[in-house]
Amino acid sequence: MRLIVAGVEKEYADGLSLTRLIELEKVATPQYVTVSLNDAFVESGAFPDTFPRDGDSVEFLYFMGGGR
Amino acid sequence: MTLVLKKTDYALMLAHARRCLPEEACGLIAGRRAEDGKRVEKVYLTANGDRSREHFSIDPQEQLGAVKDMRARGLVPLGNFHSHPETPARPSPEDIRLARDPSASYLILSLAGPEPELKSFHLESDLIREEELILV
Numbered sequence: 001m002r003l004i005v006a007g008v009e010k011e012y013a014d015g016l017s018l019t020r021l022i023e024l025e026k027v028a029t030p031q032y033v034t035v036s037l038n039d040a041f042v043e044s045g046a047f048p049d050t051f052p053r054d055g056d057s058v059e060f061l062y063f064m065g066g067g068r
Numbered sequence: 001m002t003l004v005l006k007k008t009d010y011a012l013m014l015a016h017a018r019r020c021l022p023e024e025a026c027g028l029i030a031g032r033r034a035e036d037g038k039r040v041e042k043v044y045l046t047a048n049g050d051r052s053r054e055h056f057s058i059d060p061q062e063q064l065g066a067v068k069d070m071r072a073r074g075l076v077p078l079g080n081f082h083s084h085p086e087t088p089a090r091p092s093p094e095d096i097r098l099a100r101d102p103s104a105s106y107l108i109l110s111l112a113g114p115e116p117e118l119k120s121f122h123l124e125s126d127l128i129r130e131e132e133l134i135l136v
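In the order they appear, the protein sequences are chains A and B. Under the numbering used here, the residue at position 62 of the first sequence is numbered 62, and the numbers go up by one with no gaps. Under the numbering used here, the residue at position 126 of the second sequence is numbered 126, and the numbers go up by one with no gaps.
It should be emphasised that the hints constitute simulated quantities derived from the structure, not laboratory data. Since the structure is predicted, the reported quantities are computational estimates derived from the model, not experimental observations. Where hints are given, some of them may not hold.
Below, simulated DSS-like cross-link-like pairs (lysine-lysine); rule was C-alpha separation at most 27 Å, straight line [to be verified]:
{"no.": "1", "chain 1": "B", "residue 1": "Lys42", "chain 2": "B", "residue 2": "Lys7"}
{"no.": "2", "chain 1": "B", "residue 1": "Lys68", "chain 2": "B", "residue 2": "Lys42"}
{"no.": "3", "chain 1": "B", "residue 1": "Lys7", "chain 2": "B", "residue 2": "Lys119"}
{"no.": "4", "chain 1": "A", "residue 1": "Lys10", "chain 2": "B", "residue 2": "Lys68"}
{"no.": "5", "chain 1": "B", "residue 1": "Lys7", "chain 2": "A", "residue 2": "Lys26"}
{"no.": "6", "chain 1": "B", "residue 1": "Lys6", "chain 2": "B", "residue 2": "Lys42"}
Kindly produce the complete structure, drawing on both the sequences and the hints.
Following this line, the structure appears as structure tokens:
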């Protein structure tokens, strides 16, 4: 299947979970990454059971926040 | 690592920070990476989701929209900035705890003194360190 990951179209094996995709993409500090699938944000606890489909768009973001 | 920022973009950040007083202001920076550092080409002024004078957060949906705009312009995300209305331009314990992107620059603009002060930091082996900031 073809996914658009961070704006780049790539070929992946079918049945790939978001957890596996994060590994394959070598996302830095994966424990802190936020993932959107077709512009909808996915709870991190659901990464292992979320399987993007052909043509889906995935983005990796980091929470941006802080305090004085 | 060096971060290069245009004075016009600094002026945008400063005006945004002053407009948001007494609350913290925040935003994203985008540009290009080179071997010797990063060059900011565009600043995104975002809402502070916390609406607080002591905290800030950038709404992920707004962040996502900005990232897509960066991509359309051929730019890459370089990090974020936020203001400290009443404290110096140094990362607070919460800033450090929440700085999780090893590729990002974290800019802090202090309005606490007689003159504004802007500093840039980045993560290095899990420690946050100041990096050289050049205004051009």
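Consistency of the hints with the structure:
With a CA separation close to 12 Å, the supplied pair Lys42/B and Lys7/B stays within the 27 Å bound. Of the pairs offered as hints, the one joining Lys68/B and Lys42/B holds, with about 13 Å between alpha carbons and a cut-off of 27 Å not exceeded. Note on Lys7/B and Lys119/B: the hinted pairing holds, with a Cα-Cα distance of about 14 Å set against a maximum of 27 Å. Restraint check: the Cα-Cα separation between Lys10/A and Lys68/B comes to about 18 Å, which is no more than 27 Å; the hinted pair holds.
Restraint check for Lys7/B and Lys26/A: the C-alpha separation of about 35 Å exceeds 27 Å, so the hint is violated. Taking the CA atoms of Lys6/B and Lys42/B, the gap is near 9 Å; set against the 27 Å cutoff, the hint holds.
The earlier numbered hint that this structure contradicts is number 5, and it is the only one.
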